[in-house]
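With the hints as a guide, dock the two chains, each given alone in a separate frame, to form the complex.
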Amino acid sequence: MPKLTIDGKEIEVEDGLNIIEAASRIGIDVPHFCYHPALSVVAQCRQCLVEVEGVPKVMPACNTYVREGLIVKTNSERAVKARKATVEFTLINHPLDCPICDKGGECPLQLTTVEHGPGYSRFEGPEEKKVRKKYYLSDKIIYDPNRCIMCTRCVRFTDEVTKTGELGYNGRGFRKKIVVFPGKKLDNDLAGNVTDLCPVGALLNKDTLHEERVWYWQFTDTVCSLCSNGCNITVGVDPRKGKVSRVRPRTNMDVNEHWICDRGRYDFKEIQEEGTRLRDPILREGEGFKRTEWDEAVSFVAQEIAKAKEGFSQSIAFLASATLTNEELFLLKKLSETKTPSKAVGNIGLINEPKRFGLLSTDPYPNSSGVKEMGFPYGSNNVLELIESIQQGWTNVLYVAGLDLFDLVIEEDKESLRKALSKLKLLVVQDYKLTETVRFAHAILPGVSAYEREGTFTNDRGRVQRVRKVIDPPGTAKPDWEILTLLGQSLQAESFNYSDPSEIMLDIASNIAAYKGINYDNIGTLGASTTN
Amino acid sequence: MPELRIIRNYVGIKDSHTIESYMSRGGYAALGKALKMDPDEIIDEIKRAGLRGRGGAGFPTGVKWSFIQRDSKKPIYLCCNADESEPGSFKDREILEQDPHQMLEGMMIACYTINSHKAYVYIRGEMPYGASIIEGAIKEAYDKGYLGRNILNSGFDLDIVLFRGAGAYICGEETGLLESIEGKNGEPRPKPPFPAQIGLFGCPTIINNVETLAFVPHIINKGHQWFSAIGLPKNTGTKIYGLCGDVNKPGLYEIPLGITARDLIEEYGGGIPNGRKVKAISPGGSSAPLLTADELDITLDFDSLAEAGSMLGTAGVTVMDDNACMVRVAQNLAHFYRDESCGQCVQCREGTWWLEKMLTMIEQGRGKMEYIDTLLDACSQMRGTTICALADGCAMPVESIVKKFRHEFEEHVRLGKCPFENKHMGDWS
Numbered sequence: 001m002p003k004l005t006i007d008g009k010e011i012e013v014e015d016g017l018n019i020i021e022a023a024s025r026i027g028i029d030v031p032h033f034c035y036h037p038a039l040s041v042v043a044q045c046r047q048c049l050v051e052v053e054g055v056p057k058v059m060p061a062c063n064t065y066v067r068e069g070l071i072v073k074t075n076s077e078r079a080v081k082a083r084k085a086t087v088e089f090t091l092i093n094h095p096l097d098c099p100i101c102d103k104g105g106e107c108p109l110q111l112t113t114v115e116h117g118p119g120y121s122r123f124e125g126p127e128e129k130k131v132r133k134k135y136y137l138s139d140k141i142i143y144d145p146n147r148c149i150m151c152t153r154c155v156r157f158t159d160e161v162t163k164t165g166e167l168g169y170n171g172r173g174f175r176k177k178i179v180v181f182p183g184k185k186l187d188n189d190l191a192g193n194v195t196d197l198c199p200v201g202a203l204l205n206k207d208t209l210h211e212e213r214v215w216y217w218q219f220t221d222t223v224c225s226l227c228s229n230g231c232n233i234t235v236g237v238d239p240r241k242g243k244v245s246r247v248r249p250r251t252n253m254d255v256n257e258h259w260i261c262d263r264g265r266y267d268f269k270e271i272q273e274e275g276t277r278l279r280d281p282i283l284r285e286g287e288g289f290k291r292t293e294w295d296e297a298v299s300f301v302a303q304e305i306a307k308a309k310e311g312f313s314q315s316i317a318f319l320a321s322a323t324l325t326n327e328e329l330f331l332l333k334k335l336s337e338t339k340t341p342s343k344a345v346g347n348i349g350l351i352n353e354p355k356r357f358g359l360l361s362t363d364p365y366p367n368s369s370g371v372k373e374m375g376f377p378y379g380s381n382n383v384l385e386l387i388e389s390i391q392q393g394w395t396n397v398l399y400v401a402g403l404d405l406f407d408l409v410i411e412e413d414k415e416s417l418r419k420a421l422s423k424l425k426l427l428v429v430q431d432y433k434l435t436e437t438v439r440f441a442h443a444i445l446p447g448v449s450a451y452e453r454e455g456t457f458t459n460d461r462g463r464v465q466r467v468r469k470v471i472d473p474p475g476t477a478k479p480d481w482e483i484l485t486l487l488g489q490s491l492q493a494e495s496f497n498y499s500d501p502s503e504i505m506l507d508i509a510s511n512i513a514a515y516k517g518i519n520y521d522n523i524g525t526l527g528a529s530t531t532n
Numbered sequence: 533m534p535e536l537r538i539i540r541n542y543v544g545i546k547d548s549h550t551i552e553s554y555m556s557r558g559g560y561a562a563l564g565k566a567l568k569m570d571p572d573e574i575i576d577e578i579k580r581a582g583l584r585g586r587g588g589a590g591f592p593t594g595v596k597w598s599f600i601q602r603d604s605k606k607p608i609y610l611c612c613n614a615d616e617s618e619p620g621s622f623k624d625r626e627i628l629e630q631d632p633h634q635m636l637e638g639m640m641i642a643c644y645t646i647n648s649h650k651a652y653v654y655i656r657g658e659m660p661y662g663a664s665i666i667e668g669a670i671k672e673a674y675d676k677g678y679l680g681r682n683i684l685n686s687g688f689d690l691d692i693v694l695f696r697g698a699g700a701y702i703c704g705e706e707t708g709l710l711e712s713i714e715g716k717n718g719e720p721r722p723k724p725p726f727p728a729q730i731g732l733f734g735c736p737t738i739i740n741n742v743e744t745l746a747f748v749p750h751i752i753n754k755g756h757q758w759f760s761a762i763g764l765p766k767n768t769g770t771k772i773y774g775l776c777g778d779v780n781k782p783g784l785y786e787i788p789l790g791i792t793a794r795d796l797i798e799e800y801g802g803g804i805p806n807g808r809k810v811k812a813i814s815p816g817g818s819s820a821p822l823l824t825a826d827e828l829d830i831t832l833d834f835d836s837l838a839e840a841g842s843m844l845g846t847a848g849v850t851v852m853d854d855n856a857c858m859v860r861v862a863q864n865l866a867h868f869y870r871d872e873s874c875g876q877c878v879q880c881r882e883g884t885w886w887l888e889k890m891l892t893m894i895e896q897g898r899g900k901m902e903y904i905d906t907l908l909d910a911c912s913q914m915r916g917t918t919i920c921a922l923a924d925g926c927a928m929p930v931e932s933i934v935k936k937f938r939h940e941f942e943e944h945v946r947l948g949k950c951p952f953e954n955k956h957m958g959d960w961s
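Sequences listed follow chains A and B, in order. Residue numbers 1 to 532, in my numbering, belong to the letters of the first sequence in order. Residue numbers 533 to 961, in my numbering, belong to the letters of the second sequence in order.
The hints are simulated quantities; they were obtained by calculation from the structure and are not laboratory data. No residue lacks a Cβ here, since even glycine has one placed at the ideal position from N, Cα and C. Please note that the accuracy of each hint is not assured.
Claimed, not checked - Listed next, the stretches of chain B that the computed footprint assigns to chain A, with coverage defined by at least 3 CB atoms under 8 Å from CB atoms of chain A:
#1 615 to 627
#2 882 to 888
#3 915 to 929
Stated by the list, open to error - The list that follows gives simulated cross-link-like pairs (lysine to aspartate or glutamate, EDC-like), each with its CA atoms no further than 20 Å apart:
#4 A/Lys57 x B/Asp924
#5 B/Lys900 x A/Glu127
#6 B/Lys723 x A/Glu51
#7 A/Lys163 x B/Glu714
#8 A/Lys73 x A/Asp7
#9 A/Lys81 x B/Asp871
#10 B/Lys723 x A/Glu53
#11 A/Lys57 x B/Glu839
#12 A/Lys84 x B/Glu711
#13 A/Lys177 x B/Glu711
#14 B/Lys900 x A/Glu128
#15 B/Lys716 x A/Glu128
#16 A/Lys57 x B/Glu711
#17 B/Lys716 x A/Glu127
#18 B/Lys889 x A/Asp159
#19 A/Lys177 x B/Asp871
#20 B/Lys889 x B/Asp871
#21 B/Lys889 x A/Glu128
#22 A/Lys333 x A/Glu115
#23 A/Lys84 x B/Glu839
Looking at chain B on its own, in the form it has when it is part of the complex (with noise of 0.2 Å):
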């Protein structure tokens, strides 16, 4: 399938990044457009053209939308999740650096569509050069007059206001970037109340991802017609792919949504390294269930995935060759998320903590042959029964491992010891 640069198609250029560069390119028309348009219009643009929200769980982004009030008595506040920090995921950063003036602009018509003026870019703290990069972007907005009072004279004002995050991962979770934004610990809030009802400083608030932002201007100018006749019927448009791990030309590749894994690694990512093969891939960044080399046809799209009980996440596709450990593959995950977990909830805290125990011990030879069931009923008992989805992000992937390769766990049981030379982690450290 070949590449379909919609979002992508001026990286790389210098001085992408400016507002002129943008101009230049028919950028801003879409705002001109979208504010002459009546909101309920561009929702039903949005939704016609089956935009799916990027930032890992797929929500349309024009349902969304709708579930704003627009004539609330309390302020309406957006907010782009910038905070990209999942393993294996980079494909959001790639727009903040380097073409972020069609984020924004998508931010202006969202926050036209649902009655908002103020929105916030929070942006994951280890970006500082991606922050220098949008905090020059929206001075440039402003000065030609696309943010401020009356944009365009349309009477419309807006403020957007860059946010940089702390550190941690967490903070990515939609209500835990709204707890971060208000100055408290980045912990998850309980839901319900959904953020479009109660918010950012208890307002109204729809959180969206960088990349579906991006988007937005797109479908504006050309129509819903345009995007939603590429890719799949109801997994529509593009999608960045972010290759890593195991391949021979990693990187981000703009594709329609439906190439299978196969292709990508073959056609884009041109194949494994040293004449070796696939053993494992996990098709949407660290918390999507893993996927086996049987399992390369399946086309990488939100509900084709999930029909394969794994997910499209954020389209981070890791690559492990067959050298790689997979209980290390997996003791380096439950790291992370152990290292990651906020400590609200039990569930995360101590499971991601002790399925970490377990899957050392196993993986330096100490483990016993039951811990894998007890691994397979800890991971059940974490998916579903938390205040976020972190426990499942670590939970899921964990148990796909243990379930589809099950015969390593019991290998380094039998042995006393990891049976791999010279093995690696993925891409994961």
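Bound-form chain A, shown alone (with noise of 0.2 Å):
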């Protein structure tokens, strides 16, 4: 454990750390545009140029290892007039067009030249400067060789981080670009990467294009429901819109790194906008429905489940998804107890294969953990099972939260499904948008989607972590624990008594085993581990 003092401050890092490292430990900024902890170092932005006692030159920061004894000068007036010195060179063919640039007011170069830069430029002649057409490197990533600083962030990102190798530049010099290698398309699944590594704005998102402006934008740190992996995020979104306007990697060391694949990134759009939400509780008139209040929809619903305490032993059947929370399945499941015996089942989906690029799981289901711990008994062809059931007559109610059952049959069976729904004496839907499933049912509980609920994911490494509300559901739609709980107090009103999620997970963390100890507290921003 190397000792060295850094702007007159000593400290203690471990070996291998270079000065920005180091410094960032005691909260000492050094500029930079090239440097990132996940890729290699190439020191040729030379924006984090500090002083080191005993070495003439100006030294980057980045490419400076710590050692024992080093007195490093990040605030000299040496330093300093180096770094403003740099900021000028990298202004100089760098567009000053930042009111119409995307990254404005997110950009690393505009806020090293606000704090680091002079605060103009002795450049004349903007006429002069060297002008190049825009490119697309894929079609959903945007190039201006004229922003770009060559900082060739984007260029390590594919060889070393994807390893896919589709981006390199040519020319020489003040002609250098960043292109896609002839026959190769920047396709890969973490392509939308570089534009968060892009320092400036050269790499752009096509699909909101000229359409945001991030100071306009609230900011939650929540994780990515679109598979199993459980990537950490933060969701920026405009309140005017009351929509997701761009959804980023946060970094969580155990794990996404870095990074996010392209569906957690770009796919919000389609989430937002697919299908019809359920805004308002509907029940059935006849052959027609009706729009109904909540009140009123909830104690039909817990009626109905209370009758069916008098059928058979499996007249009703509880179907869990995998995308609820923990809080959520944790509540249906007792929700299923309250009436005894009942079926509960969960419906979860598998990793049959190695997850790509370590992120990307097969498992399309944020919380197929959380099924399981939560004690569904669980499976993927369940749906077949109680197709068989109902038609039976074992089961007459079914209580659906969170699934479209014609997404898990495949085509020949969909037949034999819409008997059986039709079947049913009552069929219980709660879901935050139309599905085929919602045609057949009796009651129509409108839930929330990915960016509205509150709650935890347990991933596939057992890692539990946060889900957050990040925009309003529309009409009078609930959170689905909301719903639970309204539904189980109807039923058993004192064992259903939470107005919060984290009141569940202390009731999960002292039922079941694995979740011991787990509270919001120490979940906190990077999750905590459930225990084997």
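Okay, structure coming up:
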């Protein structure tokens, strides 16, 4: 553990750290563009120049490593002047088009210029600046060579992280630009990360090009719900639009490191727009449906469930989705237990091949682990068993939470599923969008989408992480945990006394061994591991 | 000071590039002698001879060789830097084309010393004739058993490979050269690590200049006392000066280190054409800060020039007479470096571009007075802030021109045009 001095402060850090990392430990920010902790060091942006005692030249902090007795000055006159000059050089051929640049407001170059730059440029003759055409690197990413400062982060990303090597640069010196190798496309599953890595507005997302301004956004730290990996993300929402504007990776070295896949990054538009949202509770009335109030819907469903008590042993079945949070699954299980005997099954996804890039799982659900751990018998073909059970008359009441049954059966089985669902005495569907299953329901309880949930998911490596509400649900739709609490209260008031998902987690922790000791405080922003 | 030919002794003679010619004058004797010596002994011999690198930096060759850990588990490489592309420098080309075996023998001795079994000759792409000569010379050496397995029954194996560059000045920078051999863009690497630790293909590597290596067999043959007695203390031996520009007799001259610029121009160059006077000289290739007519009594050796704020560099001496427009000279220099910058470091990629723009505007009469100080400030920030010395190579001469000929810049701005008629731009174009 070498001891060194940075700006007069002595620190002791582990070997192998560079000055940027070491300085950040004591809150000193050395500006940089080309350095990234997950990529190799190239020391070419020259923005991190610092003075090292005993070395005649100013040194790049990214390529200067800690050693015993090193004395570094990041704020000496020479270092400050060198960094100021670097900003001026960098901006010579960088267009000052921040007002129309999507990166504006969150641009490292812009921020560094404000903080470390000279505040003016002695370069005259903007008409002399080199101007080159923009072009697409993929159908999602546009490249503007004029803004590019040649930090090569994107090139190193495809070389070193994805190891797909689509990007390179050609031209020498001032002609240099980023290109996709002939015959290749920047279409790997992690390609979108280059837009985050880009420290200027040279690589931008086409899907929101010129549509968004970052300073309007509110950011929420949450997890992605599109597969079982549970990548940590930050979601930006423009409150004026009430919609998700951007999904970005959030560094969690135990889960997704610095990256997310393109599905997690770009699919928010589709997810927000797909299907018709269910806005209010709906009850069947004759051959049609009628919109109703929550009180009426909940008391109707509660009565029906209570009535089913009189039926056969398996007359009521609960079907849980792996898109529900642990809290919701726990409540659903508990609800199923208010009537014994009953049948409660969970639907989960399977991981049947290695994750691509260590991130993309074949299990499309965020909480298959939760389904198992909350005590649901699980399987991936339980819909067929259910059809059989309905057709045999063993099940006549079905409660489906968060699932479209038609997604789970092959084309040939859809007809028998339709017949089975029509045969049910009561079908309750709790979902956020209009699905085919919903069309057969007697009671529809509108829940919320992935961006409107509050709770926890347990990823496929047993990490419990919080999913946060980033936007409001439409109409009177309620979070699923709230719907289940209301129902539970109508059936068995004393054991469904929750006003917040955190209280449900406390119950989970005291009832389920793997979750012992876990609460929202120790889950924090990076999650907590279940004990196996 | 009289000419003393050591490595230029046989140039211009018919078939001087063949191994027969070379052996007839005692060639490859040094290799036989060296193979019987202990590597430490050879390093000591080179160190005591005081041989300094002829590629530009003047680093002591023996010391460089001693940086190699000879028992490394990785292969060790030697690269001969024959990527001579500095404007005003043409000394290596003659060795490559006319007497290449002394360089190859020097490489063999160097490889034996550092325990390397594979060496590269990295030759500039624009020298196809030199490449064909080297290719032939390597083949001859294989045929005679100086290369390949068990050389001269010593048990020492060595292969030499010719590698042609693709036309980039920056590949003469030693780590840019390594990248180029590895098949990548010729872009210098951040240092440390230095090539002696992590060089070609991640292995310990020594890179030496053609002229440096050509001296090695002569030193082994005649001993360090002989070599160190030539020239000046700490600047021993002879140096090939390439004289060009406004002189009557441009050409290559091998002279003991220590000749003054004035003597070189008068004695060897035969003075300035048309009875004109010297305005400035560049003493060591385009990267060296320029000397004015008042500084011609400085001796052209590593230490004296460094003391005078310039450098010997490649000893390519370019002379500019009093009709040269120094703004145009600076602009032409900046143009070259802008064109050759690899584009990694901001100071270099944008700095050379910016310098050229400012100098062009001044030259065309569009400049402003404040550009002159901006030029100086930009130059000072380009020096010592980048990965390699290319930015320095641009900033140093431009800065020296602006400082030493400031009045010409001011005149350009005042007049709104270039005051020189029938001007020329030195020998760099």
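The hints, checked one at a time:
no.	hint	in the structure
1	615 to 627	violated (count 0)
2	882 to 888	holds (count 5)
3	915 to 929	holds (count 4)
4	A/Lys57 x B/Asp924	12 Å, holds
5	B/Lys900 x A/Glu127	17 Å, holds
6	B/Lys723 x A/Glu51	16 Å, holds
7	A/Lys163 x B/Glu714	19 Å, holds
8	A/Lys73 x A/Asp7	5 Å, holds
9	A/Lys81 x B/Asp871	27 Å, violated
10	B/Lys723 x A/Glu53	17 Å, holds
11	A/Lys57 x B/Glu839	19 Å, holds
12	A/Lys84 x B/Glu711	31 Å, violated
13	A/Lys177 x B/Glu711	19 Å, holds
14	B/Lys900 x A/Glu128	16 Å, holds
15	B/Lys716 x A/Glu128	31 Å, violated
16	A/Lys57 x B/Glu711	24 Å, violated
17	B/Lys716 x A/Glu127	34 Å, violated
18	B/Lys889 x A/Asp159	35 Å, violated
19	A/Lys177 x B/Asp871	15 Å, holds
20	B/Lys889 x B/Asp871	13 Å, holds
21	B/Lys889 x A/Glu128	8 Å, holds
22	A/Lys333 x A/Glu115	55 Å, violated
23	A/Lys84 x B/Glu839	30 Å, violated
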